[in-house]
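In case you want the letters, here they are:
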Amino acid sequence: MDPDPSPSQPVDGDADQIPCSTVVTEEDGVRDLRLDDPADRKGTEELESNGSMQNELRHEGDMEIVEEIPQRAQDLVEETVLASSEEVLGDSSRGALVWRESSDRDGEEPPSPSSSGYAGERGSSVGSSENDDIGDVENGFSGQGNPIDGIAWGTGRKHIGEDEASVSWRKRKKHFFVLSHSGKPIYSRYGDEHKLAGFSATLQAIISFVENSGDCVQLVRAGNHQVVFLVKGPIYLVCISCTEETNEALRGQLELIYGQMLVILTKSVNRCFERNPKFDMTPLLGGTDDVFSSLIHAFSWNPATFLHAYTCLPLAYSTRQAAGAILQDVADSGVLFAILMCKHKVISLVGAQKASLRPDDVLLLSNFVLSSESFRTSESFSPICLPRYNPMAFLYAYIHFFDVDTYLMLLTTSSEAFYHLKDCRVRIERVLVTSNVLSEVQRSLLDGGLHVEDLPVDSSSHSGSSSSRLSQDGLTSAAPGRVREGYTGIGGPSGLWHFIYRSIYLDQYVSSEFSPPLNSASRQKWLYRAYQRLYASMHDKGSGPHKKQFRRDENYVMLCWITQDFELYAAFDPLADKALAIKTCDRVCHWIRDMENEVFLLGASPFSW
Amino acid sequence: MGLSSGTIVNEGVQFCVFDLKRGQHEGEEVDKILYFFPFDCPYSVQLSVIGLSEGLITFTRIFSPEAPCEVIEAERHTHVFYQAEPDIWMVMIVEKNKDTEHVWRCDGLRVVLKEVHSLFVMFYGPLQSLLDKQPSGDLARSHLYSFVTDYLTDFHVGKKFQLPSFRESLGERGTIQMLTIEREVAIEVQSLVTVLESCAGRSAMFSSLVLFQNLLVSSTLSPDDTVNVFAYAVMRLTPQALSLGTNSWSYLRRGPSPNVTNLSPLSTTSASLEDHQHRSNDSSSGNQDPNYNVPRALQREKWSKGKDGFLVTDIWLKESGSSIAANPSVWLKQAEQRMFLLIYQHRSMTVVLLVPVNSLSNGEKDLPMLKQQVIENAAQKIVRVEERLSKGWPGENANHVKGYRYLLLDTDHNISRASPPGKVATLTKDSLLALNKLRKEIDLEKNRAERSDSKREKDVEVCVRARNNAWIIARMSRGKELYMVLDKANETILFASDAVEKFSNRYCDGAFSLD
Numbered sequence: 001m002d003p004d005p006s007p008s009q010p011v012d013g014d015a016d017q018i019p020c021s022t023v024v025t026e027e028d029g030v031r032d033l034r035l036d037d038p039a040d041r042k043g044t045e046e047l048e049s050n051g052s053m054q055n056e057l058r059h060e061g062d063m064e065i066v067e068e069i070p071q072r073a074q075d076l077v078e079e080t081v082l083a084s085s086e087e088v089l090g091d092s093s094r095g096a097l098v099w100r101e102s103s104d105r106d107g108e109e110p111p112s113p114s115s116s117g118y119a120g121e122r123g124s125s126v127g128s129s130e131n132d133d134i135g136d137v138e139n140g141f142s143g144q145g146n147p148i149d150g151i152a153w154g155t156g157r158k159h160i161g162e163d164e165a166s167v168s169w170r171k172r173k174k175h176f177f178v179l180s181h182s183g184k185p186i187y188s189r190y191g192d193e194h195k196l197a198g199f200s201a202t203l204q205a206i207i208s209f210v211e212n213s214g215d216c217v218q219l220v221r222a223g224n225h226q227v228v229f230l231v232k233g234p235i236y237l238v239c240i241s242c243t244e245e246t247n248e249a250l251r252g253q254l255e256l257i258y259g260q261m262l263v264i265l266t267k268s269v270n271r272c273f274e275r276n277p278k279f280d281m282t283p284l285l286g287g288t289d290d291v292f293s294s295l296i297h298a299f300s301w302n303p304a305t306f307l308h309a310y311t312c313l314p315l316a317y318s319t320r321q322a323a324g325a326i327l328q329d330v331a332d333s334g335v336l337f338a339i340l341m342c343k344h345k346v347i348s349l350v351g352a353q354k355a356s357l358r359p360d361d362v363l364l365l366s367n368f369v370l371s372s373e374s375f376r377t378s379e380s381f382s383p384i385c386l387p388r389y390n391p392m393a394f395l396y397a398y399i400h401f402f403d404v405d406t407y408l409m410l411l412t413t414s415s416e417a418f419y420h421l422k423d424c425r426v427r428i429e430r431v432l433v434t435s436n437v438l439s440e441v442q443r444s445l446l447d448g449g450l451h452v453e454d455l456p457v458d459s460s461s462h463s464g465s466s467s468s469r470l471s472q473d474g475l476t477s478a479a480p481g482r483v484r485e486g487y488t489g490i491g492g493p494s495g496l497w498h499f500i501y502r503s504i505y506l507d508q509y510v511s512s513e514f515s516p517p518l519n520s521a522s523r524q525k526w527l528y529r530a531y532q533r534l535y536a537s538m539h540d541k542g543s544g545p546h547k548k549q550f551r552r553d554e555n556y557v558m559l560c561w562i563t564q565d566f567e568l569y570a571a572f573d574p575l576a577d578k579a580l581a582i583k584t585c586d587r588v589c590h591w592i593r594d595m596e597n598e599v600f601l602l603g604a605s606p607f608s609w
Numbered sequence: 001m002g003l004s005s006g007t008i009v010n011e012g013v014q015f016c017v018f019d020l021k022r023g024q025h026e027g028e029e030v031d032k033i034l035y036f037f038p039f040d041c042p043y044s045v046q047l048s049v050i051g052l053s054e055g056l057i058t059f060t061r062i063f064s065p066e067a068p069c070e071v072i073e074a075e076r077h078t079h080v081f082y083q084a085e086p087d088i089w090m091v092m093i094v095e096k097n098k099d100t101e102h103v104w105r106c107d108g109l110r111v112v113l114k115e116v117h118s119l120f121v122m123f124y125g126p127l128q129s130l131l132d133k134q135p136s137g138d139l140a141r142s143h144l145y146s147f148v149t150d151y152l153t154d155f156h157v158g159k160k161f162q163l164p165s166f167r168e169s170l171g172e173r174g175t176i177q178m179l180t181i182e183r184e185v186a187i188e189v190q191s192l193v194t195v196l197e198s199c200a201g202r203s204a205m206f207s208s209l210v211l212f213q214n215l216l217v218s219s220t221l222s223p224d225d226t227v228n229v230f231a232y233a234v235m236r237l238t239p240q241a242l243s244l245g246t247n248s249w250s251y252l253r254r255g256p257s258p259n260v261t262n263l264s265p266l267s268t269t270s271a272s273l274e275d276h277q278h279r280s281n282d283s284s285s286g287n288q289d290p291n292y293n294v295p296r297a298l299q300r301e302k303w304s305k306g307k308d309g310f311l312v313t314d315i316w317l318k319e320s321g322s323s324i325a326a327n328p329s330v331w332l333k334q335a336e337q338r339m340f341l342l343i344y345q346h347r348s349m350t351v352v353l354l355v356p357v358n359s360l361s362n363g364e365k366d367l368p369m370l371k372q373q374v375i376e377n378a379a380q381k382i383v384r385v386e387e388r389l390s391k392g393w394p395g396e397n398a399n400h401v402k403g404y405r406y407l408l409l410d411t412d413h414n415i416s417r418a419s420p421p422g423k424v425a426t427l428t429k430d431s432l433l434a435l436n437k438l439r440k441e442i443d444l445e446k447n448r449a450e451r452s453d454s455k456r457e458k459d460v461e462v463c464v465r466a467r468n469n470a471w472i473i474a475r476m477s478r479g480k481e482l483y484m485v486l487d488k489a490n491e492t493i494l495f496a497s498d499a500v501e502k503f504s505n506r507y508c509d510g511a512f513s514l515d
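One line per chain: the protein sequences are A and B, in this order.
Heads up, the first sequence is in full-length UniProt numbering, so the first residue is 1 and it goes up one at a time.
Heads up, the second sequence is in full-length UniProt numbering, so the first residue is 1 and it goes up one at a time.
Quick caveat, the hints were computed from the structure, so don't treat them as lab data.
Worth double-checking, as some hints may not be accurate.
[Said to hold, decoys possible] Calculated pairs, DSBU-like style, for lysine-lysine (alpha carbon to alpha carbon, straight line, at most 30 Å): (1) B:Lys446 to A:Lys525; (2) B:Lys458 to A:Lys541; (3) B:Lys160 to B:Lys429; (4) B:Lys133 to A:Lys525; (5) B:Lys21 to A:Lys541; (6) A:Lys173 to B:Lys446; (7) B:Lys423 to A:Lys547; (8) B:Lys458 to A:Lys547; (9) A:Lys541 to B:Lys502; (10) B:Lys429 to B:Lys446; (11) A:Lys547 to B:Lys402; (12) A:Lys171 to B:Lys446; (13) B:Lys488 to A:Lys171; (14) B:Lys446 to A:Lys541; (15) B:Lys429 to A:Lys547; (16) B:Lys488 to A:Lys547; (17) B:Lys502 to A:Lys583; (18) A:Lys173 to B:Lys391; (19) A:Lys171 to B:Lys458.
Quantities reported herein were computed from a predicted structural model and do not represent experimental measurements.
Please take these sequences and the hints and turn them into a complete structure.
Below, the structure written as structure tokens:
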């Protein structure tokens, strides 16, 4: 990592006052971006103007369609490789460019060091042990009130002093490593990568040893431990875990970590390895520890990480419609994707014609935004890549937080769209305020999601139950995480404790809030992992998904039901009666279908199917 | 050369035994290898396999010192590990091929490694003791080469080398299959066992195993020893084994007639064995006598029935170079002593008698006298019991339960009962694959529970409605496991659990019943 900003970096006067920041002033940003080949930009503009940009994106998926964009990944990287990084964008060690609109603050005032696109510079983070998972202690996952977003969660590098020789390091329940094919460490969840160079070389040796025999190592089992390998071109990802997660789940997590790297760098980083196999990638990810810690934390609470679906904030149909309409409006004006979210839940999203957004990209994007402190402080314009959409190219994201939880992301292919997007945001904000969307969002947050106790017992009460749930005032005044006042039950009818319903066509899921007896973090995580196992058990790559499953052990009764339209996962009291549990699942499905308008975003990408 | 050539298609199976303590110095790595199949595999490949295995054992010990590497899953191969003795590891590498039958369950393959080692120890003692006895390792190698190779011939089905695949999901190697008998017959059997015990006279006592067909009727050995002796009896001693001149794991083998190709070990295998021994001696530094006269306990067609009803073999020779047959003996774990093996057979009944070697004052010379005692005192009873058993014997499909395809395991006693192979063969491939997958999941849970400190018994019930509408069921409760496939069944989960309940009440003493 190169701590010195390059002498000729375009950040003027202020640069030496903000040594820890990657922030570039508006003017600088514009200037930097203009370093690119104007011809390419012109091409982009033309494409945009004739409205065929999206087609281009789709049809030439493998091409780098926005040539000027990989400044972060490509230019920086190339410069690093060629040891001539002076020309570009300041401190390459951050590997990040955040172009910030400085109107919110005085232009003279240097932005705070923490307002970097990636909060938490390496080494500067708190040595928090929040996700210290030695032994059985792993941070609980959130359903109610636990920190789920970057602010509350992001704690930067953990246990930097540890290395493979430390007993504490060896006893961690779940390690993640990223390394290059030459064995250079890129990322480690615990310990300092540089101290783990030897260990990293061992991992590389294992992978290449098997590779030399014409094979590819995927999994090693040893007692309660699993070592899962994922090879992505020149980048190797490894998870070493003694959690009870399945191999499939861990592999999916490695895929997401790789995806998160692509969000920051795009796949064009591979070129650096083509040029120099011993290329050191760590500087490019400098300061992004929080992004990865937050993602890894999500692996133990966020069902989106294994369901490959996103979830919506429950809202009255008209409220979501109002939000969708204005987003659609801006999408028609050259915005590729417009996404309005509250924490990790979608309020509404729209894509331009023929552009569809994959749930994994929503997850990675929201994780990136929520875990980067700086996005919260003012509006930002940052290159990002949507790996499932096009792993080779950067898009530009305009990001603005309306309040601490609610934020807007406008994605475009144009590097010069900042002012346009800013205007769009102003329009959107105006509509959101006048149509009370933002206040409804706050209210929904307070109300929380679905509660199993509210499951209508009698089938005749289906109709209307949903709207009443969402319209009645003060159904619960408890903040998420607080046990609802006066409630002393033990779950819903027939011993129903929790459920997740995934709509296959919508790529969305809805899950109930945690209610007693699932009120401890450890029980919640246990259930979460039981869902993970159930999911893996139901989805077999070879023979396709099973139709139903009933599973009872000393902790739970789990039921899963997969049809062409939906997947239902439900957890019951272990003593629950089988027949009643089945009936209850049926009722949950009816209930959800009755509330479909409120809990799902319908017609999210009208042009993609 | 060896088994990999000629008529047998090896299909990418590798099997090795190595000693982590040996060959520590550079250039001496070959010394680690105690056994490698196929024989014609170049040393460079052998060393690479063992190098990877050793590397991963060391690597995984960083995180899991108590239970190092058990399985490597690569895209094209599965490597299954078994730590046979503290420094001695066995690894089996099988090729994956999704288009064919090559879908395995790792624990199913590990049982094979475990079985071959247990049987080896039963005949020759621990490998480590052979290595201690003769540090160059040639003694251990000669034993392994003949024994393991003979063992592997049992996996030749037709022209193929066929390891237990998903087709055997309703079977469990390394367990005993019992004959279900009525109470009155049981009393007669018990009385026979008492008579047998006393046949050896005052100074010694016979332990015994009584088999009918390929099923166990009674055993006075410990469960572990029973498993080993039973396995050997079914492989080489029962009337079926003698008549086929081959293994007949009747219930484990798929299809009505396994029809194993008669591989004459003498004509093909032993030639390659000698060839290998020759090679290995060339490469080893010690100039030991290459002719260790290893008794090839698993050699086929070497047992036959003598006139007196006792089985005879010339596998065991009295002395090196001698042609006088010695009486076979085995080492029993529980008794911690070597026992002479006497096998008496009458029609479908096989009585395996074990008498402690050091209880006989004249050693082997006393055996004819003991045999005489058995014939005089027990032959009549054996005839009678055999008759009773034959009468009550419902035939091959004895364990068939209409509408069910099942495997019932008593893990505490290593006993299994299952649908007959002919019936299992009627299941669709998809059902068996789904069951194989479910068994893998249960294996993981079971292994985890076994390793955990908590003594809490795992109690699990899983019913899966597969895509082909079959119900795949697993139950685990108080040391018993039940796996079931209901191919043509009603849609509701309640139907499936009802079916299990009925089965449990009727055939498992209610072990899996909910109330």
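Hints the structure fails to honour = Of the numbered hints, 4, 5, 9, 13, 18 do not hold.
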